[in-house]
Amino acid sequence: EDQVTQSPEALRLQEGESSSLNCSYTVSGLRGLFWYRQDPGKGPEFLFTLYSAGEEKEKERLKATLTKKESFLHITAPKPEDSATYLCAPRVNAGGTSYGKLTFGQGTILTVHP
Amino acid sequence: SQTIHQWPATLVQPVGSPLSLECTVEGTSNPNLYWYRQAAGRGLQLLFYSVGIGQISSEVPQNLSASRPQDRQFILSSKKLLLSDSGFYLCAWSREGTQRGYTFGSGTRLTVV
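Line by line, the protein sequences give chains V and A.
The first sequence stops at residue 154 when you use the numbering used here, and every number in between is there.
The second sequence stops at residue 130 when you use the numbering used here, and every number in between is there.
Just so you know, the hints here were simulated from the structure itself, not pulled from any lab data.
These numbers come from a predicted model, not from an experiment.
Built from N, CA and C at the ideal position, the CB exists for glycine as well.
It cannot be assumed that every hint is accurate.
Unchecked claim - Short derived list, chain A residues pointing at chain V, Cβ under 8 Å:
id, residue
1, W24
2, A57
3, R59
4, L64
5, Y66
6, I70
7, I73
8, K97
9, G104
10, G122
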């Protein structure tokens with residue numbers, strides 16, 4: 041069974057205090073790993089796609105990295121507006137078909153205090 | 018550009034009442050469509066996905082059903098709601114080969130009372 045674990049469950053940072061979020065996964069047939077940001081009461085918003093171990097993607101204060109078993113979302117000098125829930129989702133084959141589906145972790149709730 | 022519409026935004030329904038949530042996608046054809054549920058403090062659970070008209074796959078047994086009567090329309094239904102059906106329901110679409118994964122709608126907050 042595919043499993044995705046995100047840690048920590050919640051993270052409180054002071055503005056400017058850098059940190060990292062972890063996403064560990066055990067899946068078969070990985071076809072990429074996705075990171076999303078979700079604000080309260082809204083649908084998740086796409087951040088990054090990573091396809092192979094060693095790959096890195098950056099966007100403003102966020103950088104995502106991928107290894108064979110986990111992914112990290114690094115947040116450099118965060119601001120209060122970075123407060124949100126961050127979700128990771130490996131993409132795997134569904135039912136032996138070529139169709140891919142995303143399996144989401146439970147998310148990390150990030151709060152950045154001014 | 019592609020857009021996804023989901024309604025209503027909030028819904029309060031009594032136990033035992035029926036449910037119909039609708040999702041439509043604009044600006045693309047032959048999308049893969051998905052229904053997810055997010056319980057309070059929990060991750061997203063895939064309920065149904067569809068790769069074409071009339072083609073529905075269920076991920077978990079439950080009190081809900083889904084239908085796809087048109088290429089860009091996805092409907093989530095229940096004949097009789099349970100308290101445990103409360104949650105945040107999200108519709109999403111994707112295309113094979115896209116690098117953006119899924120694009121989500123704004124969600125429906127369902128409270129069963």
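We went through each hint and held it up to the structure:
1. W24: W24(A) check fails; min Cβ-Cβ to chain V is 13 Å, beyond 8 Å.
2. A57: violated (11 Å)
3. R59: holds (6 Å)
4. L64: It is violated, given that the least Cβ distance between L64(A) and chain V is near 12 Å, above 8 Å.
5. Y66: Holds: closest Cβ of chain V sits about 6 Å from Y66(A), inside 8 Å.
6. I70: Violated: closest Cβ of chain V sits about 15 Å from I70(A), beyond 8 Å.
7. I73: With a closest approach of 13 Å, the I73(A) hint is violated.
8. K97: violated (27 Å)
9. G104: Violated: closest Cβ of chain V sits about 13 Å from G104(A), beyond 8 Å.
10. G122: holds (6 Å)
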